[in-house]
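Visitor: Chain by chain, the residues:
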Amino acid sequence: MLITIETRDLVRIFKHGDKEFRALDKVSIQVPEGVIYGLLGPNGAGKTTLIRILTTLLLPSDGDAYVGGYHVVRDANKVRKIINLVSGGERPGYGILTVRENLMYYGQVYGLSWGETKRRIEEVNELLHLDEFLDKRLNSISTGMMQKYALARGLLNHPQILFLDEPTLGLDVQNARHIRRVIKHLIEDKEIRTILLTSHYMAEVEELCDIVSIIDRGRIIATGSPDELRKMVKDEIIYNIDVRLSDIDRIRILRRFRTVVGYTIKTRQLTGEARIRMILSGEDIARIIRTLEEENIHVLRVTRDEVSLEDVFLRLVGRGLEDEYE
Amino acid sequence: MSNRLSWFINRFLRPAFGRAYVRIKGGNREPSWILWEILLPLIMITSVIWAYENMGAPEFFKGFVIIGGAMMSYWYNVLWGMGRTLYWEKETGNLEVFLLSDAPLPSLLLGMALGGMFNTTLRSIAVIILGVVVFKAEFNVDYLPLAILIFILTLVALYGVGLALSGLHIVYGRMGVRINELLDEPIMFLSGQYYPISTFPMALQYIAGLIPLAVGLDGVRRALLFSEGIDALWLHVLVLFILMIVFYPIGLRILNKIVERGRMDGRLILRWI
Ligand SMILES: Nc1ncnc2c1ncn2[C@@H]1O[C@H](COP(=O)(O)OP(=O)(O)OP(=O)(O)O)[C@@H](O)[C@H]1O
Ligand SMILES: [Mg+2]
Chain U
244 MLITIETRDL
254 VRIFKHGDKE
264 FRALDKVSIQ
274 VPEGVIYGLL
284 GPNGAGKTTL
294 IRILTTLLLP
304 SDGDAYVGGY
314 HVVRDANKVR
324 KIINLVSGGE
334 RPGYGILTVR
344 ENLMYYGQVY
354 GLSWGETKRR
364 IEEVNELLHL
374 DEFLDKRLNS
384 ISTGMMQKYA
394 LARGLLNHPQ
404 ILFLDEPTLG
414 LDVQNARHIR
424 RVIKHLIEDK
434 EIRTILLTSH
444 YMAEVEELCD
454 IVSIIDRGRI
464 IATGSPDELR
474 KMVKDEIIYN
484 IDVRLSDIDR
494 IRILRRFRTV
504 VGYTIKTRQL
514 TGEARIRMIL
524 SGEDIARIIR
534 TLEEENIHVL
544 RVTRDEVSLE
554 DVFLRLVGRG
564 LEDEYE
Chain F
917 MSNRLSWFIN
927 RFLRPAFGRA
937 YVRIKGGNRE
947 PSWILWEILL
957 PLIMITSVIW
967 AYENMGAPEF
977 FKGFVIIGGA
987 MMSYWYNVLW
997 GMGRTLYWEK
1007 ETGNLEVFLL
1017 SDAPLPSLLL
1027 GMALGGMFNT
1037 TLRSIAVIIL
1047 GVVVFKAEFN
1057 VDYLPLAILI
1067 FILTLVALYG
1077 VGLALSGLHI
1087 VYGRMGVRIN
1097 ELLDEPIMFL
1107 SGQYYPISTF
1117 PMALQYIAGL
1127 IPLAVGLDGV
1137 RRALLFSEGI
1147 DALWLHVLVL
1157 FILMIVFYPI
1167 GLRILNKIVE
1177 RGRMDGRLIL
1187 RWI
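From first to last, the protein sequence lines are chains U and F. According to this note's numbering, the first sequence is numbered sequentially starting from 244. According to this note's numbering, the second sequence is numbered sequentially starting from 917.
No lab work stands behind these hints: they were computed from the structure. Hints may contain errors.
Calculated lysine to aspartate or glutamate pairs in the EDC-like style (CA-CA distance at most 16 Å, straight line) [claimed, not checked]:
| # | chain 1 | residue 1 | chain 2 | residue 2 |
| --- | --- | --- | --- | --- |
| 1 | U | Lys474 | U | Glu449 |
| 2 | U | Lys433 | U | Glu369 |
| 3 | F | Lys941 | U | Glu449 |
| 4 | U | Lys509 | U | Asp492 |
| 5 | F | Lys941 | U | Glu450 |
| 6 | U | Lys474 | U | Glu549 |
| 7 | U | Lys258 | U | Asp305 |
| 8 | U | Lys258 | F | Glu946 |
| 9 | U | Lys433 | U | Glu449 |
| 10 | U | Lys269 | U | Asp252 |
| 11 | U | Lys427 | U | Asp305 |
| 12 | U | Lys262 | F | Glu946 |
Small disclaimer: the values here were computed from a predicted structure and weren't measured.
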């Protein structure tokens, strides 16, 4: 198994005034060739910081990182030749020019000749289906088109290794699904040899990634295939309990139960409901529901569920991936 | 083809060409450039020429003012253009995407300069033609080759200065723009847009000699208006040549420092206002 990306005890410190802040704390990962590798973590976990170091945009404070066998600091230019990075929500380029003209520009930046760039745009067009907006001005296209264009730019230089930072950020369900399909194809068709992507969408990582590292507060806390990670909570039981939104304040009483390993709350403003997802270390659901009812919390629905990566995160970190308040 | 040459063509000139293409395409897409780049300079030139005529200035002053007006726009479009554009590229995130590639940053700036030069040249030619047609200004075209040599050296030296000033823009952000404005007036004054710098006291002439545009402008005027040859203008050529080889490495160093420091504290790539 060939390792294409490797970090060893990578540290990145930012200075906030005279305080030091560790955005990455001894991060060591190994990414084999041919996989989609996911970094999953909540806001501020250090995902973007790690990707920026690997793509030579940022220097590490300590430790080493290699991409395609090259050291990201000492051989930065060699790394740049074989990689590309696409960030969700990025809008690189010149609004007054068309998408095609912008891609022509980036082709030159990557050192392709005029003719090669034209051919490459056609190839990329086959992969991404850009026809409908290829000759529109960049400042007139939609968010979904923008993301496809950004991906097209990222493919122009035939990168061996593609970094994707939150590739579906801000996209609607349909566009996000399309982008995910494209990402899968890139690896299946061997267009790209290795992809490292970050996300804080659980489903995205479960669907796309062969290997996942869960990252929190600058540390890698678990690594494995989605299946392996799910097995980390194999002894626990997962329940979804739907309640009214107005009852949500009193849900803290769940903490009284020793069997409740952790829970997350997802609110649905539209229906006026909230879903509590609980990890139980033992079958205790009847007692829990009785207690909730006694506290005048009206339980609307109770369903048992399969283990997801989110539960792994909750189990390991003690809070939900999308929670920020706890 | 040697490795160095192929690197220079593919990794330096190509990105520069790409960036110039962006500037030329983008700059000509909206017809409003006619107003800014041709009509406004023409109005300025017209008013200065009328003032000179009313004072009974000699005929050659017309050509003098027209050359001054045409060349001065390089100062805005090439030199300040580089700094302003680089600052803007940083704010929009374009710079970050550029730095992901293995193309060197000076090639991006060369592209901005070349793009600016191309557009400015088209417009300056328009200004000169209109000046000749409307005001009957006269130039000695026998000395055109020398004028062109001096002119090209001026542009190359301006690129060097532009590299250095672009660094200023990135480091000081908005303040860089203020510094520009602060420098504008003295530089306009010293470059002698509408009058010969030989009317200055000697000390000021030496200072003006540090500004490539002042030297270039003076040289081009002497060649085209006073029919002076290389025997009279060799010092102009030499000074421009020296400015070129002094400014370029300084500019390069400043830029490299800035990019390295940006990587160090993660600031180059942050989009702050
Ligand atoms: N240039 C910088 N200067 C100072 N602090 C920074 C800088 N870049 C990132 N940080 C801090 O480092 C931490 C990690 O940020 P990072 O952007 O890597 O997180 P992330 O996992 O990508 O989060 P998100 O999901 O919000 O994108 C944050 O607390 C952030 O404030
Ligand atoms: Mg991020």
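Visitor: Give a verdict on every hint.
Guide: Going through the hints against the structure:
no. : hint                : result
1   : Lys474/U x Glu449/U : 14 Å, holds
2   : Lys433/U x Glu369/U : 15 Å, holds
3   : Lys941/F x Glu449/U : 44 Å, violated
4   : Lys509/U x Asp492/U : 13 Å, holds
5   : Lys941/F x Glu450/U : 42 Å, violated
6   : Lys474/U x Glu549/U : 11 Å, holds
7   : Lys258/U x Asp305/U : 14 Å, holds
8   : Lys258/U x Glu946/F : 45 Å, violated
9   : Lys433/U x Glu449/U : 21 Å, violated
10  : Lys269/U x Asp252/U : 4 Å, holds
11  : Lys427/U x Asp305/U : 33 Å, violated
12  : Lys262/U x Glu946/F : 49 Å, violated
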